[in-house]
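Residue strings, one per chain:
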Amino acid sequence: MGLRVYGMPMSPCTATVLALLVEKGLDYELVPVNVRAGQHKQPSFLALNPFGQIPALEDGDLQLFESRAITKYISYKYKDMGPDLMRSDPAEVAGVAAWMEAEAHHYHPAIGPLVFECIFKQMFGGAPDEAVVAAQAEKLGKVLDVYEETLSKRKYLAGDFYSLADLHHLPYTHYLMCTPHASLITSRKHVNAWWEDISSRPAWQKVYGVTRSTCTTRVLVCLEEKGVDYELVPVNMAAGAHKQQPFLSLNPFGQIPAFEDGDLKLFESRAISKYVAHRYKDIGTDLLGTSPAETYSVGVWLEVEAYQFNPAIQPMVGELLVKPSRGGTPDAALVPAQAAKLGKVLDVYEEVLAKRKYLAGDVLSLADLHHLPCAHYIMLTPYASLFASRKHMLKTMDLKFDSRGKRAQS
Amino acid sequence: MVVKLHGPGFAAGPRRVAVCLFEKEVEFELINVDLFSGEHKNPDFLQLQPFGLVPVIQDGDLTLFESRAILRYCSEKYTGQGTELHGKTIEERALVEQWLEVESHNFNAPALSLVFQLMYASKLGIPQNEEEIKSSEEKLNKVLDVYEERLSKSKYLGGDFFSLADLTHLPLIHYLVHDCGKESLVKSRQHVSLWWEDISSRPSWKKVLELK
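Keeping their order, the protein sequence lines are chains E and G. When you read off a place in the first sequence, starting at 1, and then add 174, the result is the number in this note's numbering. When you read off a place in the second sequence, starting at 1, and then add 8, the result is the number in this note's numbering.
Only chain G is shown next, with the shape it has when bound in the complex (with noise of 0.2 Å):
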């Protein structure tokens, strides 16, 4: 039975969901959910993700929301096919899961802000916060030259194998860099640099840019 992926194909958490199940080589079909005419917060589908938010995955009988929590599923439930993405061992396990959450938790809520800012607030008719873009490059600046240093002594994040702390990434870091001219972010650091030339020149990403 193939896995059901509800969500725009454009949109960050399915593209993170997207990506992982490419990795995992698992079958999914993609069941856009048309949020500019606000599908997400009718009550069909509240029933699958109660906070009418996107992607959701239907796999059998199993209802899953928040695309971390899909991914961790996918890693685990897959385990065995396609990419390792969550390490071999309990300790490896812990530092992917650091990782994870410093991407949560460090990372998102700038790098969010900032693609909102410079790709969807002109588009929905909203001026542009020149003081929150601001803020928020400076806060991403300060995240990413941990991860410079981070990535100065491991090949990959979570440590030297490819795993969901870096494929989590590969969403909004694309946004920065092709949709909001803020490529320096990244090439501007070595070591971010040539991470980034890495997993985003990985296949799975590629089909998820074609994925409709």
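With the rest of the complex left out, here is chain E (with noise of 0.2 Å):
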């Protein structure tokens, strides 16, 4: 099929890209670009996009770069499917092109450097310039107040209908939710209300908002990797769905995620995963060990992962991810004391990835599988370092995977 999108989805702008094909339907390959290795400054990629970055696109024979390009594209050839984010008429067409612009040139330039200093400079072995920080928080600040007055008046950007324009906006904020700095969202009642809205979007948590549950992402990366056809039905948890029927008669702890895979019913992440890798054992990659000692071992690993690995690092993604996006600050004591546990934990950890290629042996399974999704949450925090700075740990467990939970091989 034509559509081809290269780039890595934790990069904001190939999310948008992504976001756009999601909510209009439309079938894609995703091809990874490895970015840390360089590979966005390789002759093959430059002739995709000679400014050597991602994303870059191929419907067929057309090549394309620039995000916004891209989207646009998709919204006028592929108009007919799914919703149409460009308009129609000629008034909302034009008010949708405004508030691009507007998202060009006056949210991104405020939040793109603060995101940057904030997530992704220390996955490359920088430290936050606190400075530009602060006088970013300060930009994005007068921008908002300028989206606030707006949005007190309609319910979109555009008008009182979602919009590419919005769409735009999707990537960059979700970062800057997992930051402390979320409270510039959150503090502005209609910013706010719209940020809650346009990320609820079904579309949206496809691409990226299932990954805040890292429990969702432990089955999710389980059926990804096997090939396994699924439907993600999204679970409204700020709405408190979960903790009402008909939730609850799915799993009755109210929790996510829940399963059905025909008559059976299931929760527990680490049980459905298992299931998935028992059930679907001829289908994809094997998970369970390839002879009895590398099933049993796999058990092993499996538990490690619950009681040693999980217990140190969750606490870590709620206190550094999930409480700033809700407007909370990290506990200055908790993450330091957690960090220092998780340590001790990833040095056990290194000696057996010195000894074997992955956790239980030489073969990938569900128990390397399982601690990926809080392990890509901390890659997004200060203490990434404590990952990286473990050579075997990093090697081995490959933390690339796209929001969906498919882990990106290049």
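Accuracy of the hints is not assured; some may be wrong.
What the hints assert, rightly or not - Example chain G residues on the side facing chain E (calculated, C-beta under 10 Å, incomplete):
1) PHE59
2) LEU61
3) LEU72
4) PHE73
5) GLU74
6) SER75
7) ARG76
8) ARG80
9) LYS85
10) ILE98
11) SER112
12) VAL151
13) ARG158
The set of hints was computed from the structure by calculation and includes no laboratory data. All C-beta atoms, glycine included, are put in the ideal place defined by N, C-alpha and C.
Bring the two chains, given one by one in their own frames, into a single complex with the hints.
Following this line, the structure appears as structure tokens:
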């Protein structure tokens, strides 16, 4: 099929394109570009984008770069597929165009460097420049004051309809919500309501939303690895849906995820992934080990993840990523204490992984996959060094995976 | 060759494994590990279990740790002898796994906290944390309410057969009922109470309580 996106889902500009493709229900292939290894500056990629930036798009013979051009092209070419986010009425089209310009010239220059300093810089070994962070936060505040005024008069930026202008704000704002500066959004009533609305759209949930639930991602990673078809049904936790019927009949503990396969209903992410691994043993990767001894070893390391790794890392994800997105502040004592515990656990892992390729043996298993969601999140924080400083860990735990859960293997 | 189970006979993890070995009629030798003198943190022991925890088993060439991994191993390896503990179909197994996870992630933490506070804190010279006790008991009550509902519809947690999902609860509920004065958690719930009577009177559990 025609559509190929070159990029990485964690990259906000790539995510913008993916968000639109999912919104419109279009099939596409995601071709990973290993930015960490400098692949985006290689001749083969420069042929797609001479500026050496992701994303790039191929549709049949057409090659395009610049995410905002790509989304416009997709909106025009596939106008009749899924929602029309560019509109047809000339006045509305112009309104959408105006707010896309506002995003590009006002919003992005304020938020881009802020997100870079707070999130991406330390993935490449740097530390946030507090002066830059403060200055950018102030700029973004002024932009958001204008948005607050606009959104007090209408539901979405360009009118009472969701459009490409709103969509373009999703990825960077998502990252902002992972930092203490989430308060810039949550403190503005109408901006906050708008954000809640656009970020809970099912299409966006498919691209970035569900990764906030590490337990849901744990199951998705397994399903994606095995190539098993599934439907993801979002649960509106902000509205408390998980504590009410009908969800409680799927999981009486009121926790996500829950799972249905024909008549079978299951909860507990690790039970679900084990079921998937057993039931679909012959489809895709066999995640249960290639010999009885390996299978039992997989069992051991599944438990180690549950009892040693997860209790150390899960509270860190909660404090550093979930709490700020709800307007809270990370507990300054708890996080370093948890990091110290996690460090000790990872020391054991480092020793094990110095002697064999994966946790349970020389073949990838469910035990390795179960670690990915929380590890992936911590890589977005200054504590990324816990992983990055342990070379065997970093090599083995291929922490590049897209937000559907599919491991990006370049 | 006899399976070796490393760990003290009174600790929850080793007991969890021991009851499973008895159910599966697997002969084993209990090799004590002196936790109070820190034997579990010695280099020799760390070769067996790199996190310095009990239990560990050795079955021929295979060394395994994490009690619940050992449960699953025993149940699979010795399928066809003793009690079948993980269901007969993939679907039955999935439900057993689900309730094993519930025990791990919903039951274990508050139960362990309560046991630690009420059984061990004073022995270790640590003052009891009243808030922690209250909060753990509250959590445990909520979990047991869900168990009560489940057991009103199903004879055992994983289905109508005794399984690993039930067995895994034996050590901590035993402490709570017999050593912590928290019998009411069980007795106040009709179906949980019946279930507890049933599983704790199994011969395998009685044998575990006799281990030194």
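Results of checking the hints against the structure:
1. PHE59: The hint holds - PHE59 (chain G) has a Cβ within 10 Å of chain E, the shortest such distance being about 6 Å.
2. LEU61: holds (9 Å)
3. LEU72: Holds. Min distance 6 Å.
4. PHE73: holds (6 Å)
5. GLU74: holds (3 Å)
6. SER75: At 8 Å from the nearest chain E Cβ, SER75 (chain G) passes the 10 Å test, so the hint holds.
7. ARG76: holds (5 Å)
8. ARG80: holds (5 Å)
9. LYS85: It holds, given that the least Cβ distance between LYS85 (chain G) and chain E is near 8 Å, below 10 Å.
10. ILE98: Nearest chain E Cβ about 5 Å off; hint holds.
11. SER112: The hint holds - SER112 (chain G) has a Cβ within 10 Å of chain E, the shortest such distance being about 6 Å.
12. VAL151: OK, holds: VAL151 (chain G) within 10 Å of chain E, min 8 Å.
13. ARG158: This hint holds: ARG158 (chain G) lies near chain E, its Cβ roughly 7 Å from the closest one there, short of 10 Å.
Checked against the numbered hints given earlier, this structure breaks none of them.
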